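The whole structure should be built from the sequences, with the hints applied where relevant.
Listed below, chain by chain, are the residues.
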Amino acid sequence: DTGVSQDPRHKITKRGQNVTFRCDPISEHNRLYWYRQTLGQGPEFLTYFQNEAQLEKSRLLSDRFSAERPKGSFSTLEIQRTEQGDSAMYLCASSLGRVSHGVKAFFGQGTRLTVV
Amino acid sequence: GESVGLHLPTLSVQEGDNSIINCAYSNSASDYFIWYKQESGKGPQFIIDIRSNMDKRQGQRVTVLLNKTVKHLSLQIAATQPGDSAVYFCAERVNRDDKIIFGKGTRLHILP
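Top to bottom, those sequences are chains C and X. The numbering used here applies: residue 260 is where the first sequence begins, and numbers increase by one. The numbering used here applies: residue 5 is where the second sequence begins, and numbers increase by one.
What the hints contain is simulated information worked out from the structure, not anything from laboratory work. Fair warning: this is a prediction, and the values are worked out from it, not measured in the lab. Careful, some of the hints might be misleading.
What the hints assert, rightly or not - Keeping only pairs whose Cα atoms sit at most 20 Å apart, straight-line, the calculated SDA-like set for lysine to any residue is:
| no. | chain 1 | residue 1 | chain 2 | residue 2 |
| --- | --- | --- | --- | --- |
| 1 | X | K108 | C | Q368 |
| 2 | X | K60 | X | V74 |
| 3 | X | K108 | C | F333 |
To be verified - Covered by chain X, according to a simulated footprint, are these stretches of chain C (three or more residues, beta-carbon under 8 Å):
| no. | segment |
| --- | --- |
| 4 | 295–307 |
| 5 | 353–360 |
Every residue gets a Cβ at the ideal spot worked out from N, C-alpha and C, and that includes glycine.
In structure tokens, the structure reads:
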């Protein structure tokens, strides 16, 4: 257990429905990252926060995706009008500052989304 | 686009032998590299890192080598054990950037 919690672990939803995932980072970590991972691929960066500010969003994050970190602690990732191509593992990570030598990012176990 | 990649998708190694997992990157501005291990159903786990001003770094049973001339990174695992079975990713951080970019991964199989 890395200390980063994600909920739910698994989610099956029908195409067109909205889903929301939650990430609870390690408590003192000011940076929080969202990644998406499809089968057989490496995690792809989606977005990250420093405290409550969303500082960068990947072009992968279409208008149907929105992420928030309202109080600089937990974060939510919402996908509206889900499509089958959204099926993936959604990973959250947190770090105390910019990832570098001496500052590690810790990943949660992910939320596996299946859109049927 | 993504600049981190791997030469081999699957590597099978006899238990007790050394494993070498390779990675190529294309962004010469990358200043920091990490190897992650991902077991089935889990998130990536940090193994070892190296800054671009180094060419070798050793941990417990693991060594990372960096060759900036050919933009190549490798992970060496000594005396491979069954618990080393996993997918291994190299990842990079481009200078002054704030995110880590992952490659596609190599699956390591340990043969009995």
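Structure-based check of each hint:
Distance hint between K108 (chain X) and Q368 (chain C) is fulfilled; the C-alpha atoms sit about 18 Å from each other, no more than 20 Å. Of the supplied pair hints, the one linking K60 (chain X) and V74 (chain X) holds, its CA atoms being roughly 15 Å apart against a limit of 20 Å. The straight-line distance between the Cα atoms of K108 (chain X) and F333 (chain C) is roughly 28 Å, outside the 20 Å bound, and the hint therefore fails. With 7 residues bearing a CB less than 8 Å from a CB of chain X, the segment 295–307 of chain C meets the requirement of three and the coverage assertion stands.
Counting residues of the segment 353–360 of chain C whose CB lies closer than 8 Å to any CB of chain X gives 4, which reaches the minimum of 3, so the coverage claim holds.
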